[in-house]
Each structure stands twice: as structure tokens, then as C-alpha cells.
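Construct all of the structure, not just a fragment, from the sequences and the given hints.
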Amino acid sequence: MPQEVRGVVSHAVNEPVRMETIVIPDPGPGEAVVKIQACGVCHTDLHYREGGINDEFPFLLGHEAAGVVESVGDGVDEVAPGDFVILNWRAVCGQCRACTRGRPWYCFATHNASQPMTLTDGTELSPALGIGAFAEKTLVAAGQCTKVDPEASPAAAGLLGCGVMAGLGAAINTGQVGRGDSVAVIGCGGVGNAAIAGARLAGAAKIIAVDLDDRKLAKAESLGATHTVPGGGTDVVERIRELTDGFGADVVIDAVGRPETYRQAFYARDLAGTVVLVGVPTPEMKLELPLLDVFGRGGALKSSWYGDCLPSRDFPMLIDLYRQGRLDLDAFVSETIALDDVEEAFARMQRGEVLRSVVVL
Numbered sequence: 001m002p003q004e005v006r007g008v009v010s011h012a013v014n015e016p017v018r019m020e021t022i023v024i025p026d027p028g029p030g031e032a033v034v035k036i037q038a039c040g041v042c043h044t045d046l047h048y049r050e051g052g053i054n055d056e057f058p059f060l061l062g063h064e065a066a067g068v069v070e071s072v073g074d075g076v077d078e079v080a081p082g083d084f085v086i087l088n089w090r091a092v093c094g095q096c097r098a099c100t101r102g103r104p105w106y107c108f109a110t111h112n113a114s115q116p117m118t119l120t121d122g123t124e125l126s127p128a129l130g131i132g133a134f135a136e137k138t139l140v141a142a143g144q145c146t147k148v149d150p151e152a153s154p155a156a157a158g159l160l161g162c163g164v165m166a167g168l169g170a171a172i173n174t175g176q177v178g179r180g181d182s183v184a185v186i187g188c189g190g191v192g193n194a195a196i197a198g199a200r201l202a203g204a205a206k207i208i209a210v211d212l213d214d215r216k217l218a219k220a221e222s223l224g225a226t227h228t229v230p231g232g233g234t235d236v237v238e239r240i241r242e243l244t245d246g247f248g249a250d251v252v253i254d255a256v257g258r259p260e261t262y263r264q265a266f267y268a269r270d271l272a273g274t275v276v277l278v279g280v281p282t283p284e285m286k287l288e289l290p291l292l293d294v295f296g297r298g299g300a301l302k303s304s305w306y307g308d309c310l311p312s313r314d315f316p317m318l319i320d321l322y323r324q325g326r327l328d329l330d331a332f333v334s335e336t337i338a339l340d341d342v343e344e345a346f347a348r349m350q351r352g353e354v355l356r357s358v359v360v361l
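Mapping of the sequence shown onto full-length UniProt numbering: position 99 corresponds to residue 99, and the numbering continues sequentially without gaps.
Hints were generated in silico from the structure; no laboratory data involved. This one's a predicted model, so the numbers in the text were calculated from it and none came from an experiment. Don't be surprised by glycine CBs; every beta carbon is placed ideally from N, CA and C. Hints should not be assumed to be uniformly reliable.
Estimated spans, in silico, between C-beta atoms of each pair [to be verified]: (1) 298 to 16: 45 to 53 Å; (2) 221 to 81: 38 to 46 Å; (3) 16 to 316: 36 to 44 Å; (4) 298 to 3: 55 to 63 Å; (5) 149 to 29: 23 to 31 Å; (6) 335 to 298: 40 to 48 Å; (7) 35 to 242: 46 to 54 Å; (8) 179 to 221: 17 to 25 Å; (9) 350 to 295: 37 to 45 Å; (10) 102 to 124: 32 to 40 Å; (11) 284 to 212: 16 to 24 Å; (12) 214 to 55: 14 to 22 Å.
Here are the computed lysine-lysine pairs in the BS3-like style, where the Cα-Cα straight-line distance is at most 25 Å [stated by the list, open to error]: (13) 147 to 35; (14) 302 to 286; (15) 206 to 302.
Shown next as C-alpha cells:
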């Protein structure tokens, strides 16, 4: 039978979110109902509320989540009721040209649940990133559920569902940071600081954090940055070169996603170095670079989609490292809040007061 649960819904651009009753259908073929235990408050949820993703209101917000599988539909064998899972927004298809070439982290046909969740009057909801986890329960495609060690804290584990995984993967998967490398990270919010933690995990010798906010730079140091550079009034490129013997960093990660920060990343890398763009630009942004510089500096210019992660490979491995004390996911949890407190959490996030507020149910 369909279930009614509480959830956080955005009805119109820039209007405060509202608590609503959500109707969750029984899972169909290939689907699962998950009881949410924790869900991070991500900038992407705010972008949905502001109309920055699309205009398919109303949105059921929330996507950085962990919980327990309650029920599954026909044909589901990857997870079972009772499994502790992290939700992801890129359930791979296994059949597209990326998947058949052995590169499923680039899957071009990722999918979500087929059935809609609705309000009690039948209005269909658009779940954020196909998840909609600011709710007591949600309906997803079974491939969006990745089983991990149930001893992990749900508040910490759920953050791998989006921002923290994007940053870790930008360093480890996309940037392929190696032992002894120098790394610079521009922008030290949740994603940027996760990139710093990833660079440290990979064995980088020098990790340079760049941000306008001294609080974020202090957090970056606690997560592994060896040097910090204040972004305001500083020649960021020159300072990164000074800290890398005049050469530039082996890998520079732009976790902001603006033309000016990308130019800094481009010129702050060593010859044949790598630039990774993981910050998400807006549609109107344009970039202009001398083509001769693109050719002459060599190396690689990469974009990182979801940290180029494969959830079935990366989530269990990272949770194991967390359980071993080698990856401090708890450090990303600034505060835990109730489901009713999401609107206030958006305000704290905009003021730069938190890395992540996490809703705990």
C-alpha cells in the first residue's frame, strides 16, 4: 500500500520551503523504498529552490542521504530489505557505450525511479537529483542504493552521496593525485575541502588551499592542507608558484567554477600539469584563454562529474577507510538538525557558517 510521510518541498522560486505530506508508492520493478536516516543540506538543493536547475516545481528536496532499505520491487537483487545504503544520483545502466567500454563512471544513461512521488492531492513531485531525501522515506531506483558497512554513522556516510564524493573523486579519480604530488585547491567549501582530504589520502606532499574565508582555510588545514592562500587581494597564481619552487602545482582543482578561478587554476599548474574543474558554472559564464597557452602548457584540462565515481566501487571502499580512522568524514558534519530546520540551514550555508548541516531523522 502507498505510504504517507513528511517531506520538505519547494513550491516556487525563492519561496521558503514547506513541510508537506508525501505519498510514497510501493516499489515497482527495479525500485526500492528507503527509510532515510540522515541527509546533508547541499548547495544543489538551494539551487533547486532558487530555480537554478530547472523550473519543474514542486521539488522534493534532499539527496545526500543514507538509510535502510525498507522494501524492493520485482527484479531487484543488488540490495534487500534491512540493508544500510548510501543513495547516489547516477545509477548506471550497464548497457550504454561508456558502460560497455568498461567506463561505467561515465554512464550516459543513468536512471531514477519510474514512478512519481506525489502530494496528497496527486501533484507529482520532482525529486532533487532523482532522490528526494528530505523526507522520512523516499522511492529510488535500486541502482541508486549502495550497500555499505552498517556500523558507519549515517550523518557522515550520507555525505558521500554528493558533495564529499565529488571532492574526493576530483582529487583521486579525475586528478589522479599521486604520492609526492603538489596540489592546489581553489575554493574550500564542502567540495573543496573534500578534495583536500582526498589529496592527503592519495599521499600528496604539498596541498595548498585557496579561499576568501579564513574560517574555511582553517578547516582546510585541519583536513590536510599544508599551506593556505587568502584569495582576496592576493596574486593567487604567483603565490602558488612561490610555494611550488616557482613551477606551479602538479594538480590544481577549481572547486568554485567561475571563469576567474578557472584562469587561476590554468596558470597556477606546472607545465604538463592537470586542471580539474569540479565547481559547477552557471549557463551564462564564458571562458577565454589564448589557444597558444593551452597548447604550450600541455597537460590535461578535465571536468569531474560526481568525482568520476562508481558508487559500487567507491562508497564501500571510502566507508572502510572511514571506519579505519583514515578518512575523517565526521569532520564535514558541522551540525545535525531536524527535518523542519532546512530553511534555516540554507541561510547558514549562504553565510558560509557551515561545511554541512545534516538532517537526522
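Check: Is the distance from the Cβ of residue 350 to the Cβ of residue 295 consistent with 37 to 45 Å?
Finding: holds, 40 Å
Check: Does the hinted range 38 to 46 Å hold for residue 221 and residue 81 at CB?
Finding: Since the Cβ atoms of residue 221 and residue 81 sit about 43 Å apart, the hinted range of 38 to 46 Å holds.
Note to self: Please verify whether residue 147 and residue 35 have alpha carbons no more than 25 Å apart.
What the structure shows: holds, 14 Å
Note to self: If I claimed the Cβ atoms of residue 214 and residue 55 lie 14 to 22 Å apart, would that claim hold in this structure?
What the structure shows: Violated: the Cβ-Cβ distance is about 37 Å, outside 14 to 22 Å.
Notebook entry, point to check: Do the alpha carbons of residue 206 and residue 302 lie within 25 Å of each other, as the hint requires?
Noted result: Between residue 206 and residue 302 the Cα gap is close to 21 Å, so the pair holds against 25 Å.
Note to self: A range of 23 to 31 Å was offered for this pair. Does it hold for the Cβ distance of residue 149 and residue 29?
What the structure shows: At roughly 28 Å between Cβ atoms, residue 29 and residue 149 fall inside 23 to 31 Å, so the hint holds.
Next item on the list: Check the following: the C-beta atoms of residue 179 and residue 221 are separated by a distance inside 17 to 25 Å.
Entry: Holds: the Cβ-Cβ distance is about 21 Å, inside 17 to 25 Å.
Notebook entry, point to check: How does the Cβ-Cβ distance of residue 35 and residue 242 compare with 46 to 54 Å: does it lie in that range?
Noted result: holds, 52 Å
Note to self: Given the hinted pair residue 302 and residue 286, is their Cα-Cα distance within 25 Å?
What the structure shows: Holds - the C-alpha atoms of residue 286 and residue 302 are around 16 Å apart, at most 25 Å.
Next item on the list: Evaluate the given range 36 to 44 Å for the C-beta pair formed by residue 16 and residue 316.
Entry: holds, 38 Å
Check: Lying within 45 to 53 Å: is that true of the beta-carbon distance residue 298 to residue 16?
Finding: holds, 50 Å
Next item on the list: Could you see if the CB distance from residue 335 to residue 298 stays within 40 to 48 Å?
Entry: Cβ of residue 335 to Cβ of residue 298: about 44 Å, so the range 40 to 48 Å holds.
Consistency note: the structure conflicts with earlier hint 12 alone.
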